[in-house]
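Colleague: Residues per chain, in single letters:
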Amino acid sequence: MRLRIDHRTLYAYASPLERGLQIVRLFPKRHDGQEIVRWRVLGARGQELAPFDDGLGNEAALADAPPGARRASIHVDGEVETRDLGGFLNGAFEPLPPAYYMRSTDLTAPDPTIAALGADLRGDDGARAIALMHAVRDRMEFRVGATDATTPAVEALAAGAGVCQDHAHVLAAACRAAGIPARYVSGYLWTGVEQEPASHAWAEVFIENAGWFGLDPANRIIVGAAHVRMASGLDYAQAAPITGVRAGGGAESLTVTLGVHSAEHAQQ
Amino acid sequence: MFDEMYGSDGAPRAPYAAIAKWLEQQPLETLRAKSDEAERLFRRIGITFAVYSGGGDTERLIPYDLVPRVIAKQEWGFIERGLKQRTRALNAFLADIYGAREIIRAGKIPEALVMLNPAFEASMQGLAAPGGVYTHVAGIDLVRTGPDDFFVLEDNCRTPSGVSYMLENRAVMMRLFPEFFARSGVEPIARYPEMLLRALQSVAPRACEGEPTVVVLTPGQFNSAYYEHTFLADEMGVELVEGADLVVEDGAVFKRTTQGLQRVDVIYRRIDDAFLDPLTFRRDSALGVAGLMAAYRKGTVTIANAVGAGIADDKAVYIYVPEMIRFYLGEDPLLKNVPTWQCGREDECGYVLDHLEELVVKEARGSGGYGMLVGPQASTKERAAFAQKIRATPDAYIAQPTLSLSTCPTFVDSGVAPRHVDLRPFVLVGSNGIEVTPGGLTRVALKEGSLVVNSSQGGGTKDTWVLRG
Chain A
1 MRLRIDHRTL
11 YAYASPLERG
21 LQIVRLFPKR
31 HDGQEIVRWR
41 VLGARGQELA
51 PFDDGLGNEA
61 ALADAPPGAR
71 RASIHVDGEV
81 ETRDLGGFLN
91 GAFEPLPPAY
101 YMRSTDLTAP
111 DPTIAALGAD
121 LRGDDGARAI
131 ALMHAVRDRM
141 EFRVGATDAT
151 TPAVEALAAG
161 AGVCQDHAHV
171 LAAACRAAGI
181 PARYVSGYLW
191 TGVEQEPASH
201 AWAEVFIENA
211 GWFGLDPANR
221 IIVGAAHVRM
231 ASGLDYAQAA
241 PITGVRAGGG
251 AESLTVTLGV
261 HSAEHAQQ
Chain B
269 MFDEMYGSDG
279 APRAPYAAIA
289 KWLEQQPLET
299 LRAKSDEAER
309 LFRRIGITFA
319 VYSGGGDTER
329 LIPYDLVPRV
339 IAKQEWGFIE
349 RGLKQRTRAL
359 NAFLADIYGA
369 REIIRAGKIP
379 EALVMLNPAF
389 EASMQGLAAP
399 GGVYTHVAGI
409 DLVRTGPDDF
419 FVLEDNCRTP
429 SGVSYMLENR
439 AVMMRLFPEF
449 FARSGVEPIA
459 RYPEMLLRAL
469 QSVAPRACEG
479 EPTVVVLTPG
489 QFNSAYYEHT
499 FLADEMGVEL
509 VEGADLVVED
519 GAVFKRTTQG
529 LQRVDVIYRR
539 IDDAFLDPLT
549 FRRDSALGVA
559 GLMAAYRKGT
569 VTIANAVGAG
579 IADDKAVYIY
589 VPEMIRFYLG
599 EDPLLKNVPT
609 WQCGREDECG
619 YVLDHLEELV
629 VKEARGSGGY
639 GMLVGPQAST
649 KERAAFAQKI
659 RATPDAYIAQ
669 PTLSLSTCPT
679 FVDSGVAPRH
689 VDLRPFVLVG
699 SNGIEVTPGG
709 LTRVALKEGS
719 LVVNSSQGGG
729 TKDTWVLRG
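Chains as they are written, first to last, in the numbering used here: chain A, 1 to 268; chain B, 269 to 737.
Where hints are given, some of them may not hold.
Chain A is faced by these chain B residues, among others (derived, beta-carbon under 8 Å) [what the hints assert, rightly or not]:
1. L395
2. G559
3. K566
What the hints contain is simulated information worked out from the structure, not anything from laboratory work. Fair warning: this is a prediction, and the values are worked out from it, not measured in the lab. Built from N, CA and C at the ideal position, the CB exists for glycine as well.
Could you put the whole structure together from the sequences, leaning on the hints where they help?
Modeller: See the structure below:
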């Protein structure tokens, strides 16, 4: 599937910035289910951002806002060709072994409730992970505003609601508690309908002798050609599309416009 | 029990012959007066350190003991070879762990011990540190139990401190007893700052042209080792900076100056990994430099010691250092490890709990002598309380036999008496090789019979003499 992405994030500041610096993880990497046709990410001055390898297998770039600026922006403009490989991630650059993805983090630390999700499940790791995806989604309705980017998995599960990020965190935590290495993935999803202005997140689990396998708990689906994979890590903090620090600027207002279009369907 | 001056038979050992004679000639009042003078000198220098917990006066002088600790030339030759060997292996391990992980593939060290270790930093993966150096300054803590028995107690590969005490102790010694020092034939140590600067310059990024700009990065004046940070910056003739003095622009690190931004090539950082870069590590850190890890990965700056170097000095990883020496160097280890039990392993935990009265139990991730149990010196009640802690989180503890640390003559209230000592030599690694300053920092447990030499636990320090002949 040929997917075109046009993603603009605009920041406006109430007063001039003293300094602003962001890490941008909006560079898809090639794997057997994803070829990069063209891709560029532009910073506030229209400059093309040059990515570096972040150690976890992702490409990231620094974007600095010039001192005195009242606005900043990140503009992603690209096209990828995706293929449905039944959820399996093949041919990806994997600098770290699956064992690393058994670590827990502040955002994915389990509690007894999370550990209990997988405690009685039987079957192989793949079957248990799929069952966990449903278990997580059964217990958490999709609701914007119930959580924010810093909500840990335990709190989101206790709240019984969240967005794709929370579903992915809880699923990763539950899989690790069940002995299955798991990670958080950020990216885009083509839905074929008018897009919500947000990126997407899902999880990948490691199945012995088969490899990494993508599960999208927010949508209860196995990852396929509609998913554009950007970055992965133990949690959102390691795979966030954009994180930044700034000095000055006062109140910030954020505008995001995102289009994920299928070139074949010519949908706008 | 081995006394470094009197051996086991009471006759002064050769390296101490001059000291023994000198001590006999010094009236107690002279020693007392010199000791007071030493304290005044240290106060004037302002060399203090902060002690955590306990309340009260947190800025303290580390007590300085007048009586030097002596190491014979031959003994030092052996120690130095052992230190260089061990440090080479630790660096090879770090390069491997953040590279191909051959040692794990070969089954020589458990994968989970490394991958689940808090000291393992994924953001270092695949980063080939300039010169292949990851721990540029290593503090390898040694203890001695007999004439030829040296053990490594622990490795310090992150930001080992104490070198300023080593240097100041020598300066004070030379001031108090200039003639005695001059005729004793002691290896000089004053070149340490120059050696450190050379090692740091040798690992400048490839992109660096001309003389590399080195800075010392400190968390600030509230850090317990702040004195040392200012001291080293002064002695090396480089700038002491805090995170706010540095900025990342166009993927490189710059120092703010009144003349604008100046490029920085090598950062000798004395800030823990977690606080180095709020964009990669703790977001609430105000001590670090945003974007520093990105610059490091792009190869525009060198961080010393490397981020993630702590995986090599983890107390559970320590157990595998002799294996590292065999694996990477194909050599037999010269310096011995202390046998260590991991409470996280069920079979070993049972042994530890059954033998608490013989063992020293330490926190696997702790440092500074906080939270440890010296079994033979603890009360039954203290041991029982500690056993509870071990049972609650066994992974957090390791145990070792209580070594009978050597003693050295030490000037205490009652006169000169034997006290237990250890040694922290400082090993410098550059792309041009490994150097060890003769001697190191001798720490002494001032309390009679005590085996805990940490300054935070009432330990003092001594000047350490390596004899030339």
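Colleague: Hints broken by the structure, by number, lowest first?
Modeller: When the structure is compared with the hints, none of them turns out to be violated.
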